[in-house]
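Colleague: Sequence:
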Amino acid sequence: MVPERFAFDRRLPDEETVREALDERAITPFGPGERLDRLHRVLYPAFRIEFEYEESELLSFGSSADTATTLVDGLVEGNDRFVHEYVDGTDDPVTVDPEEFDLGAEHPSLGTTVMLEFQATNDRAESVLVERLIDYRERRAAAGEEAAAVFLNKFRDAHGLPDDFDPDGGIDVTDVSRVYLPFWLAEFRAESAEHAYLVSFRDEEDADVEHPDGWVAEWVSGDPTVVGEYGYQVDLDRVQRAADAADGEAGTTGPTSGAETNHAGGPDPVGSAGDRSDRSGATDSGGEIVQPDGVEMDAESLVDPSPGHGFGEVGGMGELKETLRHKVVRPVTDPERFAAYGLGVVNGVLLYGPPGCGKTYVTRALAGELGHSFVEVSPADVTSKYMGEPAQKIADVFEIARANAPCLLFVDEIDGIAGDRGGETDMNSSEQQLVNQLLTELESLDEDDVVVVGATNLLEDVDPAIRRSGRFDERVEVPPPDAEARRAILDLHLAGRPTVDDLDLEPVVERTVGYAASDVELIAENAARAALRDEEPIGQSHLETGVEETESSIGDWVGVSHKEGTHVVQPDGVDLSAHSLVSVDVDQSFDDVGGMADLEARLRETVVDPLENPEAYERYDIDVLSGLLLYGPPGCGKTHVTRALAGELGHAFVEVSPADLTSKWMGKPEQNVADMFEIARANAPCLLFIDEIDAVAGSRGDLQSGQQGMVNQLLTELESLDEDDVVVVGATNLLEDVDQAIRRSGRFDERVEVPPPDAEARRAILDLHLADRPVAEEVDWDRIVEGTEGYAASDIELLAENAARNALQDGEAIRTEHLDTALFETQSSLRNWADGDRYDASDAGSDLRFSG
Numbered sequence: 001m002v003p004e005r006f007a008f009d010r011r012l013p014d015e016e017t018v019r020e021a022l023d024e025r026a027i028t029p030f031g032p033g034e035r036l037d038r039l040h041r042v043l044y045p046a047f048r049i050e051f052e053y054e055e056s057e058l059l060s061f062g063s064s065a066d067t068a069t070t071l072v073d074g075l076v077e078g079n080d081r082f083v084h085e086y087v088d089g090t091d092d093p094v095t096v097d098p099e100e101f102d103l104g105a106e107h108p109s110l111g112t113t114v115m116l117e118f119q120a121t122n123d124r125a126e127s128v129l130v131e132r133l134i135d136y137r138e139r140r141a142a143a144g145e146e147a148a149a150v151f152l153n154k155f156r157d158a159h160g161l162p163d164d165f166d167p168d169g170g171i172d173v174t175d176v177s178r179v180y181l182p183f184w185l186a187e188f189r190a191e192s193a194e195h196a197y198l199v200s201f202r203d204e205e206d207a208d209v210e211h212p213d214g215w216v217a218e219w220v221s222g223d224p225t226v227v228g229e230y231g232y233q234v235d236l237d238r239v240q241r242a243a244d245a246a247d248g249e250a251g252t253t254g255p256t257s258g259a260e261t262n263h264a265g266g267p268d269p270v271g272s273a274g275d276r277s278d279r280s281g282a283t284d285s286g287g288e289i290v291q292p293d294g295v296e297m298d299a300e301s302l303v304d305p306s307p308g309h310g311f312g313e314v315g316g317m318g319e320l321k322e323t324l325r326h327k328v329v330r331p332v333t334d335p336e337r338f339a340a341y342g343l344g345v346v347n348g349v350l351l352y353g354p355p356g357c358g359k360t361y362v363t364r365a366l367a368g369e370l371g372h373s374f375v376e377v378s379p380a381d382v383t384s385k386y387m388g389e390p391a392q393k394i395a396d397v398f399e400i401a402r403a404n405a406p407c408l409l410f411v412d413e414i415d416g417i418a419g420d421r422g423g424e425t426d427m428n429s430s431e432q433q434l435v436n437q438l439l440t441e442l443e444s445l446d447e448d449d450v451v452v453v454g455a456t457n458l459l460e461d462v463d464p465a466i467r468r469s470g471r472f473d474e475r476v477e478v479p480p481p482d483a484e485a486r487r488a489i490l491d492l493h494l495a496g497r498p499t500v501d502d503l504d505l506e507p508v509v510e511r512t513v514g515y516a517a518s519d520v521e522l523i524a525e526n527a528a529r530a531a532l533r534d535e536e537p538i539g540q541s542h543l544e545t546g547v548e549e550t551e552s553s554i555g556d557w558v559g560v561s562h563k564e565g566t567h568v569v570q571p572d573g574v575d576l577s578a579h580s581l582v583s584v585d586v587d588q589s590f591d592d593v594g595g596m597a598d599l600e601a602r603l604r605e606t607v608v609d610p611l612e613n614p615e616a617y618e619r620y621d622i623d624v625l626s627g628l629l630l631y632g633p634p635g636c637g638k639t640h641v642t643r644a645l646a647g648e649l650g651h652a653f654v655e656v657s658p659a660d661l662t663s664k665w666m667g668k669p670e671q672n673v674a675d676m677f678e679i680a681r682a683n684a685p686c687l688l689f690i691d692e693i694d695a696v697a698g699s700r701g702d703l704q705s706g707q708q709g710m711v712n713q714l715l716t717e718l719e720s721l722d723e724d725d726v727v728v729v730g731a732t733n734l735l736e737d738v739d740q741a742i743r744r745s746g747r748f749d750e751r752v753e754v755p756p757p758d759a760e761a762r763r764a765i766l767d768l769h770l771a772d773r774p775v776a777e778e779v780d781w782d783r784i785v786e787g788t789e790g791y792a793a794s795d796i797e798l799l800a801e802n803a804a805r806n807a808l809q810d811g812e813a814i815r816t817e818h819l820d821t822a823l824f825e826t827q828s829s830l831r832n833w834a835d836g837d838r839y840d841a842s843d844a845g846s847d848l849r850f851s852g
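If you read the sequence shown in our numbering, its first letter stands for residue 1, the second for the next number, and so on.
Hints may contain errors.
Straight-line C-alpha distance at most 30 Å; calculated DSS-like pairs for lysine-lysine [stated by the list, open to error]:
id, residue 1, residue 2
1, K327, K668
2, K327, K154
3, K385, K154
Here are the in silico distance ranges between beta carbons for each label pair [to be verified]:
id, residue 1, residue 2, range
4, D575, A616, 56 to 62 Å
5, Y386, S444, 23 to 29 Å
6, P379, D575, 21 to 27 Å
7, D810, D749, 50 to 56 Å
None of these hints come from the bench; they were simulated from the model.
Computed from a predicted model, the values in this text were never measured in an experiment.
The beta carbon of each residue, even a glycine, is placed where N, CA and C say it ideally should be.
Please model the entire structure based on the sequences and the hints provided.
Modeller: Pasting the structure below:
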């Protein structure tokens with residue numbers, strides 16, 4: 001319902017004034033040929049939050065309370081960082097009578113002034129700041145100060161919190177009110193362009209693409225249906241969920257009027273979503289399955305004409321569902337609107353993620369959301385021992401899909417049909433025909449109402465020709481189920497089984513981070529079996545038994561960090577495998593680095609402390625280090641100490657070598673460099689370690705054009721990291737072998753030597769590698785340590801192993817003579833290091849003459 005009166009933070013200039021001003025100058029990239037096609041007021045809703053907070057002792061010289069005001073996005077769309085910038089205008093809002101505006105003859109949001117409806121209750125808005133503060137404290141407890149500091153900074157920026165806000169204090173919301181932020185939204189067209197261009201502004205003189213008010217146009221242009229969606233459709237996943245649950249009314253139908261209304265009073269509102277009322281899933285044949293003529297495959301066994309699922313039946317996975325709504329459902333259900341803005345309909349999606357995490361289930365729910373029939377195919381349906389038959393079966397599958405359109409064709413384990421075989425030369429004739437037929441069918445779907453979804457565990461397992469076809473440009477991860485999803489899965493599989501009244505699922509939900517959906521289902525089944533043995537209802541002890549008996553089937557696969565509840569993220573559109581490069585839970589620290597006390601202290605001072613205490617460094621205007629170069633002879637522990645640094649920071653560890661980036665294909669090396677940084681950003685906070693960086697970005701005087709492109713891309717990526725929580729560490733033997741532009745970029749201003757270990761470090765390395773081996777009490781350690789002068793850390797590790805082998809042959813504990821023999825057998829790898837003289841002569845290198 002439209003309120004009798006509502007508050008604006010300000011009034012807009014009238015429509016006539018705006019039109020005259022826009023007609024006088026070119027605003028869009030169309031230039032002088034632009035034409036103002038439509039002009040709408042958009043009333044964007046915001047919650048005005050007044051709150052008390054505690055001031056920081058450092059800035060207030062004593063703890064005290066203060067008050068502040070901010071705005072929270074009324075659409076729950078993640079626009080808080082823009083919305084709060086308008087808070088000053090809400091101190092004395094303008095009260096407006098809705099009769100002043102054309103809000104639509106039949107429904108309040110369908111006129112030339114589009115009023116967007118609030119998508120949350122006041123109670124929900126009141127809890128936002130407090131919940132974010134709790135999130136910060138939980139992250140700090142689980143992941144440490146540095147990781148939590150990143151979240152805190154984003155929290156401050158998103159909500160415009162005062163500089164003296166103390167995160168260790170409390171937040172007490174004293175008032176919540178509603179206010180609308182009015183914007184003009186202008187839609188321009190040109191004869192020379194097929195799509196529209198949007199500009200948003202408040203004053204006509206500010207109508208500019210780069211103006212700060214332009215975020216509204218950017219938000220709408222990303223999905224042209226959202227204005228209509230929020231104008232007259234209410235998403236029950238967001239609105240009144242808490243209130244409905246409290247009243248026992250969850251699942252009731254919210255307002256849906258307006259989609260089919262013929263509204264008067266002006267042109268169609270920007271973003272009108274069209275009629276979505278028919279989600280029955282019936283095909284054109286009235287729900288009957290169509291068997292195409294001349295097709296041998298049985299359509300009856302492949303087609304479900306009315307999949308009885310929707311996103312409402314998918315517990316949790318809110319981000320995944322919203323991604324699929326945004327990238328698939330809305331473009332398919334309103335293709336004309338998306339086409340008007342130059343955005344094509346999505347006809348193909350690749351889902352990827354660990355096995356057992358619900359790719360098939362989510363896809364069936366997607367078919368239900370679209371109202372499409374569902375055709376499911378696996379490799380077993382199309383493979384054959386007869387030459388040419390697999391290709392024919394692929395053709396039959398697509399013919400069945402077309403005959404039962406609109407439909408969603410789900411190709412499960414698509415890598416089993418079109419896997420990456422390393423190029424056409426590695427395929428046999430039948431396999432090549434299969435891939436070629438699949439490509440042909442995918443390319444021929446433009447005029448058919450068929451959405452193709454492929455599923456795989458790893459994107460790189462799918463043949464590159466399929467990935468490059470243009471059919472699977474959208475790639476969406478289906479990660480392990482989040483906490484809400486795990487809770488829903490337990491509820492689902494405990495339903496109908498006898499349980500005690502006070503059964504608490506939360507301990508199980510907390511302990512199953514990184515479990516597949518199938519694992520959580522197995523926990524419920526194992527708990528039921530344990531209760532059956534006891535002839536009791538399923539109780540807390542039975543659930544505990546179920547957890548103890550069920551390990552995660554995907555823990556190693558996804559690199560799950562049970563400590564932080566995170567997993568490896570594979571970014572969309574990236575071919576490099578994040579799973580092969582990223583470790584999210586580094587189990588090393590400086591305690592695992594033998595000796596090297598000076599190096600450890602240097603890294604703590606230059607890297608660890610600035611990241612753990614960013615506010616202190618900011619107060620003194622000292623930049624936080626985000627990159628350094630480690631250099632030193634081979635085998636002296638650069639990789640080992642970098643991994644330990646990642647562990648100290650609590651960061652994910654991304655390790656890349658030149659072999660991961662180089663390629664014989666033109667343009668591929670620089671694309672791999674870009675992919676490497678995308679992976680780092682997606683898994684932030686992280687430490688990106690580029691080993692042998694001189695082989696990636698060597699001196700460019702002798703580089704070929706392909707290598708030159710890789711260096712240029714590396715420079716571009718390094719310069720773009722300022723806002724990302726990524727620390728970059730490069731490793732090289734000789735500093736002068738690294739391209740000068742890389743060294744001058746400002747990214748690697750800090751250079752730290754990792755020299756051969758000194759006597760103290762050599763003794764510590766021996767202790768580390770002999771710690772779990774039997775060692776005699778009387779060993780002449782001084783003689784052994786002195787004998788290893790000039791040895792690399794890897795040489796001393798090998799010496800310890802050789803001594804253990806000698807002692808094993810004698811059936812004794814490791815004694816001095818075993819170490820002496822190992823010392824004779826294990827020579828220093830640095831004595832014959834080809835670049836030893838260059839390192840010795842370098843201004844940055846240590847004196848290595850003793851190793852010659």
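Colleague: Determine whether the Cβ-Cβ distance between P379 and D575 falls within the hinted range of 21 to 27 Å.
Modeller: 22 Å, holds
Colleague: Is K327 within 30 Å of K154, Cα to Cα?
Modeller: 26 Å, holds
Colleague: Given a hinted range of 23 to 29 Å, is it respected by the beta-carbon distance of Y386 and S444?
Modeller: Holds, since Y386 and S444 (Cβ atoms, about 24 Å apart) stay within the stated range.
Colleague: Starting from the range 56 to 62 Å, see whether the pair D575 and A616 falls in it by beta-carbon distance.
Modeller: Once the Cβ atoms are compared, 41 Å apart, the range 56 to 62 Å for A616 and D575 is violated.
Colleague: Starting from K385, check that the Cα of K154 is at most 30 Å away, please.
Modeller: Roughly 57 Å between the alpha carbons, so the hint for K385 and K154 is violated.
Colleague: Could one say that the CB atoms of D810 and D749 fall in the range 50 to 56 Å?
Modeller: Holds, since D810 and D749 (Cβ atoms, about 53 Å apart) stay within the stated range.
Colleague: Quickly compare the C-alpha distance for K327 and K668 to 30 Å and report which way the hint goes.
Modeller: Satisfied, since the Cα-Cα distance of roughly 27 Å is no more than 30 Å.
Of the numbered hints stated above, those contradicted by the structure are hints 3 and 4, listed in ascending order.
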